[in-house]
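Going line by line, the protein sequences match chains A and B.
Letter by letter, the first sequence follows residues -6 to 439 in our numbering.
Letter by letter, the second sequence follows residues 5 to 151 in our numbering.
Honestly, the hints are just simulated from the structure, not real lab data.
Hints are all accurate, no fakes.
The list that follows gives simulated cross-link-like pairs (lysine-lysine, DSSO-like), each with its CA atoms no further than 30 Å apart: (1) A/K139 x A/K81; (2) A/K81 x A/K116; (3) A/K(-5) x A/K81; (4) A/K136 x A/K(-5); (5) A/K347 x A/K200; (6) A/K81 x A/K200; (7) A/K139 x A/K(-5); (8) A/K(-5) x B/K11; (9) A/K200 x B/K11; (10) A/K81 x A/K347; (11) A/K139 x B/K11; (12) A/K200 x A/K139; (13) A/K200 x A/K269; (14) A/K136 x B/K11; (15) A/K269 x B/K11.
Not close to chain B: a few residues of chain A, all C-beta gaps over 12 Å, as computed: (16) Q(-3); (17) E73; (18) V77; (19) A90; (20) K136; (21) G137; (22) A250; (23) V260; (24) N273; (25) F292; (26) F299.
None of these values were measured; they are calculated from a predicted model.
Positions of the beta carbon are idealized from the N, C-alpha and C atoms, including for glycine.
So the chains spell out like this:
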Amino acid sequence: MKYQSQSVARLYFTGALTLFAAQIIFGLLGAFLYVVPTGLPDFMPFSVMRMIHTNALIVWLLMGFMGCTYFLLPEECETELHSVGLAKLQFWVFYAAALITVVGYLFGNYDGRSYLEQPIYIKVGIVLVALMFLYNCSLTLLKGRKTVISNILILGLWGVAVFFLFAFYNPANVILDKMFWWWVVHLWVEGVWELVMASILAFLMIKLTGVDREVVEKWLYVIIGLALFTGILGTGHHYYWIGTPGYWQWIGSIFSAFEILPFFAMVIFAFTMTYKRGRNHPNGAALLWSLGCAVISFFGAGVWGFLHTLAPINYYSHGTQITAAHGHLAFYGAYAMINLAMIVYAMPQLLGRKPYNQTLNMWSFWIITSGVTFMTFTLTFAGIVQTHLQRVMGMTYMDVQDQIGLFYIMRLGAGVVTAIGVILYIVSVLLPGREEEAAAVNVITD
Amino acid sequence: MAERLTKAAARNIFFGGSIFFFVIFVALVAQSVNFASQNGGNISATATSGKRIWERHACFDCHTLFGEGARFAPELGNVWLRYGGDKDPASARDALIAWIKNQPTRVEGRHQMPHFDLSDQDLNDLVDFFQYTSTINTQNWPPKISG
Chain A
-6 MKYQSQSVAR LYFTGALTLF AAQIIFGLLG AFLYVVPTGL PDFMPFSVMR
44 MIHTNALIVW LLMGFMGCTY FLLPEECETE LHSVGLAKLQ FWVFYAAALI
94 TVVGYLFGNY DGRSYLEQPI YIKVGIVLVA LMFLYNCSLT LLKGRKTVIS
144 NILILGLWGV AVFFLFAFYN PANVILDKMF WWWVVHLWVE GVWELVMASI
194 LAFLMIKLTG VDREVVEKWL YVIIGLALFT GILGTGHHYY WIGTPGYWQW
244 IGSIFSAFEI LPFFAMVIFA FTMTYKRGRN HPNGAALLWS LGCAVISFFG
294 AGVWGFLHTL APINYYSHGT QITAAHGHLA FYGAYAMINL AMIVYAMPQL
344 LGRKPYNQTL NMWSFWIITS GVTFMTFTLT FAGIVQTHLQ RVMGMTYMDV
394 QDQIGLFYIM RLGAGVVTAI GVILYIVSVL LPGREEEAAA VNVITD
Chain B
5 MAERLTKAAA RNIFFGGSIF FFVIFVALVA QSVNFASQNG GNISATATSG
55 KRIWERHACF DCHTLFGEGA RFAPELGNVW LRYGGDKDPA SARDALIAWI
105 KNQPTRVEGR HQMPHFDLSD QDLNDLVDFF QYTSTINTQN WPPKISG
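Generate the whole structure from the sequences, applying the supplied hints.
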């Protein structure tokens, strides 16, 4: 750690990991209800389990992005953060809002639309947190060195805040409601979040491989260019069947078919940089997560997205478990893994330890990745059977569910495996390794 | 990466291209807003209130509407037609309201819907909302009435 103010990232990473754990717990409960629908008390219906599962996911990813930014920005800008106090205050406001929201959900205090169930005062709170964050980061950027990585990262984060404002627009016309709901959801995860992800990945590649910054930054522009050229009009793949004009079937199909390209470019980028590396960084686990992030996001977001993005296919598969399969692998690969990579890279420095518990951490990588991948396979098969029975044969929803119960049991099993991996990850990151319990060690600064 | 592509060129392509595609996107969305105002603009006051009930109780966290939402429960964009509302509106209305009132069934192995304390007015508004969604042209989606 080169700058004192980077240490604020520790709060964010620790907070993010607790919400990650909450996401997994409520995901397991939701998966359990698919297998034993009468198995939980009345105040824990599927809707609330899903709400907490998805909201905890989004919040821990955002909290992680903020931690990544606070860690990365001083090194890129070669200056301390504008205000550490503000960053700490911002964390506690954000974390308290997250806890109030989750507990409130259990008591029926929600209102809104999917992923945006937060009561209005929480949404306003999120905007305030975003403003505190962007103010702090933008001033840091302005006073320091401006690199491509820091510029793109801050551009992406401003985009996150700007598009969130569409959460406040909820017209009675259900078509307009849905159209602009996607301005938050799609333009986040298939737009500006990719800027955030790619710049964090680029930062990690420079640190872990020692490859020349000029090369990495050129790659970064190519990757995010591909992401936005395909992703913006790729929004069309959500405008097929919600009451919008038919031409979106052409625009959405053509552009979103190419949304695989930025992820393919990230795989080539990550492996080329690793191949060219001038040094073996001691933090092998961080490199494993970085490469894994590129590969799994290529499959989850790229391949699984392409699988059902063409309008003639989506006509049958839309709103089945195929969507769920894609959602799980894409979020894990692209956004969970980039955060987990950065946390593994940064935490030893933040805690003043050597890269530690590497073997345990790598085990957690393989266990979580296997769990989520198997979960994706089971949901994909469930979705294919569901698509055929319901959309081709015309069977009713519940009759179809009875036919695909086996896949839900296997999905629950995959979820348990994932949860075990997550526990190992948290232990490996937060607790010191055996050889280091006796004495504190020199900090690895780079 | 080809040596021909300089960093400055890559930057210019990124910003120029992104702005270009975003402008096209905004133009198409503007046209679609116009289209949608016709297609989905005829929402009554009671259906609007029904939509608020749909949101207040997070129905989308189990059901889908035009395929969007969770997949724990059936599609409801066309539920009005599935209950024969286009042929016999009174019976469809009664059947839908009775269904909602009778939840949860507590039948083992069947997905459970919570019990919602809704007034008769709320229930009728909700049905009005489903009646409204069934009138929207969704390019013939879903392929089967089963949703």
